[in-house]
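Participant: In order, the protein sequences belong to chains A and B.
Per the numbering used here, residue 38 is the first one in the first sequence, and the count goes up by one each step.
Per the numbering used here, residue 38 is the first one in the second sequence, and the count goes up by one each step.
Any given hint might turn out to be false.
Put simply, identical chains are the same to the list, so a pair is met inside one copy or across any two.
[To be verified] Calculated cross-link-like contacts (lysine to aspartate or glutamate; reagent style EDC-like; alpha-carbon spacing at most 20 Å): (1) Lys164 - Glu142; (2) Lys183 - Glu203; (3) Lys131 - Glu112.
Calculated directly from the structure, the hints in this document are not laboratory data.
Protein chains: 2
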Amino acid sequence: MTQTYNLEQINSVLDDIDLTTLIEEGFVAYSQGNVVVPPVGELVMHDPPGEAHIKYGYITGDDYFVIKVATGFYENVNLGIPTGTGLMLVFSQKTGELLSVLLDESHLTNIRTAAAGAVAARYLAPKHVERIGIYGAGVQGRLQLKYLRPIVDCRKVMVWGISQEELDRYRADVEPLGYDVQATLDARDIPSSCNLIVCVTPSYEPLVQLEDVRPGTHINAIGSDTPEKQEVDSRVLAQADIVVVDSIPQSELRGEVFKATTAGVLNVDEVLELGNVIADKDLQRQSDDQLTLFDSTGVAVQDIQVSKAVYEALRA
Amino acid sequence: MTQTYNLEQINSVLDDIDLTTLIEEGFVAYSQGNVVVPPVGELVMHDPPGEAHIKYGYITGDDYFVIKVATGFYENVNLGIPTGTGLMLVFSQKTGELLSVLLDESHLTNIRTAAAGAVAARYLAPKHVERIGIYGAGVQGRLQLKYLRPIVDCRKVMVWGISQEELDRYRADVEPLGYDVQATLDARDIPSSCNLIVCVTPSYEPLVQLEDVRPGTHINAIGSDTPEKQEVDSRVLAQADIVVVDSIPQSELRGEVFKATTAGVLNVDEVLELGNVIADKDLQRQSDDQLTLFDSTGVAVQDIQVSKAVYEALRA
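With the sequences and hints as input, model every part of the structure.
Facilitator: As structure tokens, then:
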């Protein structure tokens with residue numbers, strides 16, 4: 038019997054799930070070659086322009102396989118409705134039965150993206166975080182902070198955004214959680230006072246410049262997930278002691294590593310995969326002055342892990 | 038707001054929909070190049086063996102796009118549960134919103150397959166059908182007859198199956214609908230008394246032999262949808278006056294036409310596409326002694342047409 042759950046029901050169980058650990062286990066399985074992920078299905082529409090992406094896969098030997106659909110219709114802004122939505126389908130890997138339809142409206146994608154940032158920070162952030170810098174004052178900028186909270190004990194934040202209104206709303210939302218929030222409209226303010234930096238914008242021009250970054254900093258570069266987007270100056274990747282990606286094959290096609298390798302300043306052989314970093318202490322941050330960077334483009338194993346956890350919690 | 042419907046709700050509206058005409062319109066749009074259908078997504082599992090297929094697409098300028106998932110887990114027979122299931126997702130082509138989740142358990146795939154047989158019979162069956170021959174006494178063998186009923190006025194049937202029990206059940210189900218049903222365990226009985234033949238088995242060996250087929254017969258070859266399956270002797274296709282497929286590109290890779298072209302007895306240039314046959318009287322049956330054949334492998338436009346019709350009927 039297929040169980041269908043809406044966003045309200047999904048939200049009701051999210052805080053009881055240790056998602057960061059589950060996502061971490063997913064990355065390890067992925068890097069060990071235990072995750073089957075066929076190429077993403079893509080449907081492109083033209084009138085109005087829109088697209089749908091279908092991501093699907095499973096962990097070998099697991100109880101489930103998962104299919105996720107996400108849509109993007111950017112002219113929806115003119116209609117006052119969200120530009121993207123989505124759902125996740127959880128099937129039995131033993132019988133093919135459709136166990137659950139999670140009508141999450143893409144929220145679980147936001148959540149699993151935030152949890153990946155927390156996983157990377159667990160293994161790469163400096164021991165003493167002076168201030169957390171967040172580029173992007175939207176939904177993902179809030180969620181990254183939420184999932185970092187149990188991992189990083191720093192409660193000081195500097196947030197960069199594109200308007201004072203957006204920054205004021207961010208501060209109003211985040212300060213009640215116990216954060217001291219500074220806001221800035223100047224992107225170059227962040228690296229000078231923050232040694233854990235999180236980038237979650239759709240920028241096409243680097244926001245983080247090499248000249249501004251201090252040794253000992255860790256950067257989570259989350260926003261760039263296409264060949265075009267870029268938040269971090271490629272010279273930062275060239276300079277970094279450790280560059281980690283969620284998926285090496287994807288990093289050859291999109292994201293910050295793609296930008297840096299096509300610029301000729303980084304060789305993909307120098308890049309580590311997060312699942313291997315998690316599993317091997319020697320690949321993690323070794324000292325307080327290393328510059329480290331995690332470049333996320335998003336892998337289906339994150340969708341698998343979050344959807345099965347939510348399904349199991351809702352079913353319980 | 039996404040509406041989710043189960044099989045019972047879906048079944049409640051099916052009889053009020055003129056599906057054959059909608060499927061026909063879909064085939065015409067497909068052959069005119071107005072349907073966007075990316076390659077089928079496929080996920081293969083091994084323990085136990087199972088598979089999921091994702092078919093998706095849209096008609097240009099339509100209100101919807103559709104994603105269908107179907108699973109096949111053949112060891113489910115040992116568990117006493119269906120070997121396949123599925124669902125269809127109906128989205129807005131204007132905004133990307135998920136309008137409806139149709140939990141049809143693959144029933145709509147059965148229905149649209151049966152409707153395609155009826156469409157082909159409308160344009161290719163002989164004027165006077167003496168007896169309808171059905172290979173395959175299962176669900177699809179029943180549905181084909183149901184959808185032929187408004188198209189072909191013959192009420193005499195001969196059914197072939199693999200066990201007397203199966204044939205007895207088929208007869209018991211179909212006779213109350215006004216059919217005179219003969220049953221046989223000998224595949225060669227059908228062509229001698231039937232001039233409209235419908236093949237809906239998963240056979241790997243031809244059931245219809247050239248020696249048995251009479252001029253003026255039309256054959257709907259529905260069962261073979263892989264490179265391996267075959268229900269009709271390739272010499273029948275070589276001999277036929279008209280060979281029609283639902284999709285020429287697919288027929289080069291699977292089904293009866295694939296078998297006949299790889300056997301070297303048929304050239305794909307001689308094959309017509311159903312949407313073009315519907316739209317052009319000159320491509321349809323011209324006389325009572327022509328031998329004609331329709332080879333169906335199933336195209337996503339059928340899924341698009343059936344799911345949007347069901348969604349609109351349920352929403353009304």
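Participant: Work down the list of hints and note, for each, if the structure agrees.
Facilitator: Going through the hints against the structure:
1. Lys164 - Glu142: Neither: 36 Å inside a chain and 52 Å across chains, both beyond 20 Å.
2. Lys183 - Glu203: within (18 Å within a copy, 60 Å between copies)
3. Lys131 - Glu112: Result: close only across copies, 9 Å inter versus 41 Å intra.
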